[in-house]
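Q: Residue strings, one per chain:
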Amino acid sequence: MALSLDDVKRIAHLARLAISEQEASAVLGQLNGIFELIEEMQAVDTSGIEPMSHGQDVVLRLREDVVTEGDQHELFQRQAPQVEAGLYLVPKVIE
Amino acid sequence: MHTMLNASLRELADLLGAKKISSVELTRALLDRIARLNPTYKAFITVDEEASLAQARVADERLANGDAHPLTGIPVAQKDIFCAQGWLTTCGSKILSNFVSPYDAEIIRRFDVAGAVNLGKTNMDEFAMGSSNETSFYGPVRNPWDEAAVPGGSSGGSAAAVAARLCPAATGTDTGGSIRQPAALCGISGIKPTYGVVSRYGMIAFASSLDQAGPMAKSAEDLALLLNVMAGFDPRDSTSLDRPSEDYTRDLVRPLGGLTIGLPKQYFAGGVGSDVAVAIEAAIAEFRALGCETVDIDLPSSRLSIPVYYVLAPAEASSNLARYDGVRYGYRTPEYGDLTDMYQKSRAEGFGAEVKRRIMIGTYVLSHGYYDAYYLQAQKLRRLIARDFAEAFEKCDVIMGPTSPTTAFDLGEKSGDPVQMYLSDIFTIAVNLAGLPGISIPAGFGDRKRPIGLQIIGNYFAEARMLNVAHRYQQVTDWHSRMPPLP
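In order, the protein sequence lines correspond to chains A and B.
If you read the first sequence in my numbering, its first letter stands for residue 1, the second for the next number, and so on.
If you read the second sequence in my numbering, its first letter stands for residue 1001, the second for the next number, and so on.
So here's chain B without its partners, still in its complex pose (with noise of 0.2 Å):
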């Protein structure tokens, strides 16, 4: 078991195609491991065996009838944010601690047909919002690195579970890093698609216009594979793009030869740890000794990518988290009076610290008078941002620095200032307000040990691209399939 705990996913598809480990053995296996670590780590929300064995058991027959997929048999964990079908669906949050989906997100439902195994839903900051995972109602994710450190937010618990090889895949989401910003601190690759890629459908939202799904796995080829199930048009999601289907995995191996790759200054000037500068120099240089040329650009505007943010983010929240009122569905408050009372009373104690301060934040935002000033002007900047990377594209095809300016923080160490928590995030927000799509690799290990991740950004619909690009690198180094030291 111990040598398949870092096999990639084509590896594991080539064993249970070959019948040498059966899906539920499979299962089984990572169930007991889970079972065994997670009261450490907590990277799981929900463990439901039962219903996980039985998805194995019906891989286990499409592998005997020569009815697989790539995926077939494969266990992903879930962030606990998608919607599935008879399970716990509790977004990190109180007020949907009591929720049973009665439905599937489109990606659950992908993934069902795909074959693969949903090994149980993990932890992540409430809401989404949050950059460390302490914003969580179930308790914060420890970093399998370093279990002092945060593994990052918001879909910490899915890069912890990988990280400690709980599973070989799970999934994420990213509103302004969710998926890359976890993904650097806890040493895995992990892909935020063009906005539009990847169907919201059954994803609870937080602010739309922002909001992707996307994979976190252990390499780029691990990446491409996964995209390749959940990226499609869905006719259920208003802004999914009708375009045709990609295989992500088409250009992996092809050489770096005459490749440009941008340089912001802005993501190489003060407030980077030293240490992390010095890891993503060496991972320019890994890509000069490939055959790619690197050209400084500008990204003016991006230093105004987190109060754009901070405004557009906290006012589509506002506007989304409405629907939870005590009536329909999840936690409603046991006393109350009239029905603003009991709106007021279920929320206050339905929602946590960080959640009420961003809805408070977004409605004020959204509040008589104050629209142009706040909410039109962020629009407006986010255009400017968006031009800046229109503008550099135009100069390079590729875009790198680092995912987060430092490595894992320590747990307690930003949750009472929420400005030091936003601005973690410095690197990773402006890529979202542009919907273009970012990757992060692990390209070291930092100060205490702690993992660094090289962040690759690209133009619309540049993902295949960009895999090829972290596939390549993955090809010449070994941070990726580096494990931290497990009991």
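So here's chain A without its partners, still in its complex pose (with noise of 0.2 Å):
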């Protein structure tokens, strides 16, 4: 398997990475390096073997349902590049 370039470009754009037609040229030979090496993989029957997604088997805990913050907006939203009245700016979505 090969990524072509308009693969490269619609894989950055899921991403939401802004991509020109020469970082794209220039990271298609990489990608497609790494996936050499990942292909490997494929050549390995693991029919009936069960997924491991954690380093441990554990379950999720639960905890009670109660409230565990306070409200820290105020603190928190000094960190973010545009505020108004507690609410976080972005450009308009609905025209």
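No false leads were slipped in.
Dumping the calculated BS3-like pairs for lysine-lysine here, alpha-carbon to alpha-carbon at most 30 Å:
no., chain 1, residue 1, chain 2, residue 2
1, B, K1345, B, K1094
2, B, K1094, B, K1414
3, A, K9, B, K1414
4, B, K1265, B, K1449
5, B, K1265, B, K1395
6, A, K92, B, K1345
7, A, K92, A, K9
8, B, K1380, B, K1395
9, B, K1094, A, K9
10, B, K1265, B, K1414
11, A, K92, B, K1094
12, B, K1345, B, K1414
13, B, K1345, A, K9
14, B, K1449, B, K1414
Over the 10 Å line for every Cβ pair with chain B, so calculated as not near, a few chain A residues:
no., residue
15, S4
16, E21
17, S25
18, D65
19, V66
20, V67
21, A85
22, G86
Everything labelled a hint here was simulated from the structure, so no lab data went into it.
These numbers were taken from a predicted model, which means no experiment stands behind them.
The beta carbon of each residue, even a glycine, is placed where N, CA and C say it ideally should be.
Hints given; two lone chains; assemble the complex.
A: See the structure below:
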């Protein structure tokens, strides 16, 4: 399997990464090199093997459904690029 | 001051306790040293003298009041992946280059409770993605043993800072070898604990099913003292393990007679530098002299650990890094049109090339139609890799081999070829996939006098025994106390 230039542009769009024609060409070769390495996996028969999603087989803990965090929006919003009246500002999304 | 640079944490604690030195004096001396040497090594991204000295003053009061913990007053450098309240916390990235954390990571809180001093935030590969520290937005770290060499990565700033004796200890994180490989390349000691032993709360996420924090220091004994502070259950991390706390120093001096060391044939095959092979064989001989037995073991699936890792880690990273969108915190592009344009430009300008590559790999393997062939297949192979270790630990107590197939490579040597860079983590990645603990300790020097690391892999929760194994070796060798020739 080898990716095409269009694949690279599509993936970049899915990942919300602006990419120029020139960057896409450079990345294409690198990604194909990495996928060549990854393809080694496909030769192994894994039928009947349970997937392992974590380093430890543990069940997710549950906790009481109670409020544990106080309101700190002013503190947190100090980090935001643009805030007004406690709201994060972004370009208009609905015309 | 110079003799103090090589002092162990216990020796420093004794000096502080006996009032032979104050924490303010110790902190001041190290800050001066950082001011002098950091322009060369670039080990720190942020130093805040006032904040560090304020903590040192509090520590001195605790010492005066007889309210001290073993680490009270001891300066510890923190990898810039840990959120620390009021500190710039960049994760080595432009996208977080303006982020002053409003809260503390759990391990930062734990060091604070113990009375340790935060000496500054150390340089690292961007979002911990790299094996050489060359992907940092803040420029590459230099290896104190040889300025032409990389320090390893991703915790390269922490490793270089300890090696250059800019700090007595530091923290790191290890997703595929990021504590052990830089420890090996810089000639220091480092431990990646069992997955779930140290809280990930406030540790900026890369690949959540693999990320684990651990200490980096000069010796195994120091690592044990640091791990005593760092380890422990935290309800704010859903993968933190709720188990009784341990004293990791408890087994340090236990004799090694009867210990069985497994030697994986895959770790002694082609690809290992001859200088590394010679040093590791000599270390194994030292353990035999200490009464250990060795047995050959087989980890047949470990050859697949790099392909498996480069599916799983980028997949998890692409999901974790989706949060950097220029809306709530971090970098936002100055000029943009609509919302999508703002996202795309902020992320394209804020992330470096390696991070973007991994986000793209992850996005692709998780995209419609490819999930089973890549992500699911990799998770199944991960099971086989973990099973190999489980079978091996029926025959041995610990596993040993090289941490890295070669000593430190030159700056720029592998940065143009991602695949070559990835292959340098061949011996460390399988340990993360299995969730096991691993240590790297200094075991000599190779060509061009660059350090060599011995890796010790243990079974789940075997940290105390592994530290014991490392400590006994460090009682009969002096590789760990060697210092680079420093300006």
